[in-house]
Amino acid sequence: MTQSFKNWLKTIIFYEILVGMKATLSHLLHYRPITLQYPHEKRTLPDSYRGMLALLRYDDGTEKCVGCDLCEAACPSRVIKVFSAEVPGEPTKRFAKEYYMDMTRCLFCGMCVDACPVDALGMTREFEWAVYDKRQLRLNKDQLLAIGDRAYPVREKRLEFQHPNVAFFNVAFKNLPEKES
Amino acid sequence: MTEVGIKLAFSLAQIAVVMGIVLLTVMILTLAERKVLGWMQDRMGPMEVGPYGILQPIADGLKLFFKEDIVPAGASKFLFSLAPILALVPALIGFAVIPFGPNKTIELFGYQFQPFVISDINIGILYILAFTSIGAYGIILGGWSSNNKYSLLGGLRAAAQVISYELNVGLAIVGVLLLAGSLSLVKITEAQSGGFWHWYVFAFPFPQIFAFVVYVISSVAETNRLPFDLPEAESELVAGFFTEYSGMRFAFFFLAEYANMILVSCIAAALFLGGWNAPYPGTLVERLGLEGLAWVEGVVWFAAKVYFFLFLFFWLRATLPRLRYDQLMRFGWKVMLPIALGNILVTAIAAYLFPR
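Line by line, the protein sequences are chains A and B. Using my numbering, you'd call the opening residue of the first sequence number 1 and step up by one each time. Using my numbering, you'd call the opening residue of the second sequence number 1 and step up by one each time.
Be aware that one or more of the hints could be misleading.
Label pairs and their in silico Cβ distance ranges [what the hints assert, rightly or not]: (1) B:204 with A:17: 37 to 43 angstroms; (2) B:352 with A:18: 31 to 37 angstroms; (3) B:69 with A:134: 44 to 50 angstroms; (4) A:30 with B:325: 41 to 47 angstroms; (5) B:333 with A:137: 46 to 52 angstroms; (6) A:26 with B:289: 53 to 59 angstroms; (7) B:204 with A:30: 37 to 43 angstroms.
Just so you know, these hints were derived from the structure itself, not from any lab. Cβ coordinates follow ideal geometry from the N, Cα and C atoms, glycine included.
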């Protein structure tokens with residue numbers, strides 16, 4: 001009886017609505033916005049952030065890429081196209097004559113970076129790539145190298161990679177040989 | 001001739017001032033709504049144009065002004081152009097009888113003028129009800145003439161909703177009219193002077209608190225605001241009756257909605273919360289010895305009450321989800337209407353037993 005009377009009373013004084021209005025008002029009074037004013041303030045990216053793909057160079061400025069096509073094979077959405085060729089005058093060495101990458105379809109999965117045997121690819125922390133023309137997102141080798149140049153201005157090898165077995169080929173992170181203790 | 005000329009000039013000046021204030025308030029409201037809604041939902045609201053986004057209404061206005069004016073193929077051109085005007089004019093014309101400040105007369109060139117009400121006609125509230133009903137035609141015709149299913153559905157919903165809830169608004173007001181014994185908004189407001197216990201929400205012989213609640217809910221429904229925004233229900237009907245409208249015609253509908261909000265807030269303040277009367281007898285400014293400035297306090301109190309109602313509109317919008325259509329109709333006819341009728345009955349008996 002008293003319970004049903006209570007419920008009836010709650011109905012006629014719009015109790016539930018008042019509870020909701022109290023909640024919204026408390027949010028208004030304790031105003032703590034979660035908005036990030038994006039172009040003016042940017043969030044801190046996580047350490048393993050995978051942004052724009054880049055081709056890297058050695059310290060002396062030569063391209064790392066040897067044109068092996070493994071990134072093309074590893075790419076799940078077939079974004080990368082590599083045209084391999086011999087280095088002129090050095091028949092034992094190869095390089096990527098042309099390297100295309102279609103940014104519009106890239107998943108940013110990082111499999112090409114894992115696949116690369118000489119660590120010639122890298123994911124940068126760039127993500128602001130809005131353009132007016134979609135065709136500008138089909139990148140060639142020079143553009144990818146330029147991204148690498150501005151994303152990794154210092155190409156010194158990190159300490160954990162300085163191992164006799166990785167002297168010439170910078171093998172990918174996960175297949176690193178055991179370090180001598 | 002000169003008498004007519006002077007009176008006409010004064011009236012036109014009054015109209016210009018009132019329209020200016022109303023349109024300025026609409027501008028403030030569009031920003032305030034987005035800001036308040038944002039703050040209530042832990043967002044910031046517009047922040048880009050000007051410091052803290054305060055110039056956003058100007059940017060919006062400019063954008064709407066320069067937008068392409070599209071008339072959809074198959075639309076009834078005449079009615080399509082007429083509908084926004086039909087929606088806006090009744091919303092603005094209602095302000096003619098709203099008393100914004102104390103009922104005093106000033107003498108100018110030997111003639112008497114009332115500065116705070118454009119025209120104090122003796123059927124003020126009836127005039128407002130009549131004209132706001134015409135506003136529904138604008139919505140219905142706008143929905144029909146767009147040659148769009150969603151617009152038509154929105155228009156039909158608006159028709160049913162406005163008719164159902166206008167009845168409740170009218171009946172809720174009757175209680176106040178019985179107590180005041182007048183239809184003039186100026187006389188009704190004056191009858192509530194002398195402290196908040198004389199306001200008709202609390203007044204002897206029968207407090208109009210039920211009528212007040214019915215009026216507030218019904219006026220929210222009548223202005224098609226959330227939680228009763230079924231005519232424009234954006235998740236069901238794209239944008240309802242103004243789906244096909246763009247540019248200045250859309251702006252007209254937008255203005256009409258906000259002007260209607262201000263109008264119903266003004267009526268609620270004038271009828272139930274004592275209009276420009278302060279919640280204490282007399283005015284503070286008068287007691288300080290500045291009789292000439294007592295009107296300032298009256299206007300400030302009126303504005304405060306109106307803005308309280310406008311804030312309530314935003315607050316409800318931030319809190320409540322939209323009603324289903326059958327719930328809306330059932331609530332209007334089976335809950336609000338009996339309460340309003342019962343209020344009239346009790347108020348009539350009370351007013352008969354305790355004549356003023």
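Structure-based check of all given hints:
1. B:204 with A:17: 37 to 43 angstroms: Cβ of residue 204 of chain B to Cβ of residue 17 of chain A: about 29 angstroms, so the range 37 to 43 angstroms is violated.
2. B:352 with A:18: 31 to 37 angstroms: holds, 34 angstroms
3. B:69 with A:134: 44 to 50 angstroms: violated, 31 angstroms
4. A:30 with B:325: 41 to 47 angstroms: violated, 36 angstroms
5. B:333 with A:137: 46 to 52 angstroms: violated, 58 angstroms
6. A:26 with B:289: 53 to 59 angstroms: Taking Cβ atoms as reference, residue 26 of chain A and residue 289 of chain B lie about 42 angstroms apart, which means the hint is violated.
7. B:204 with A:30: 37 to 43 angstroms: Hint holds: Cβ distance 40 angstroms, inside 37 to 43 angstroms.
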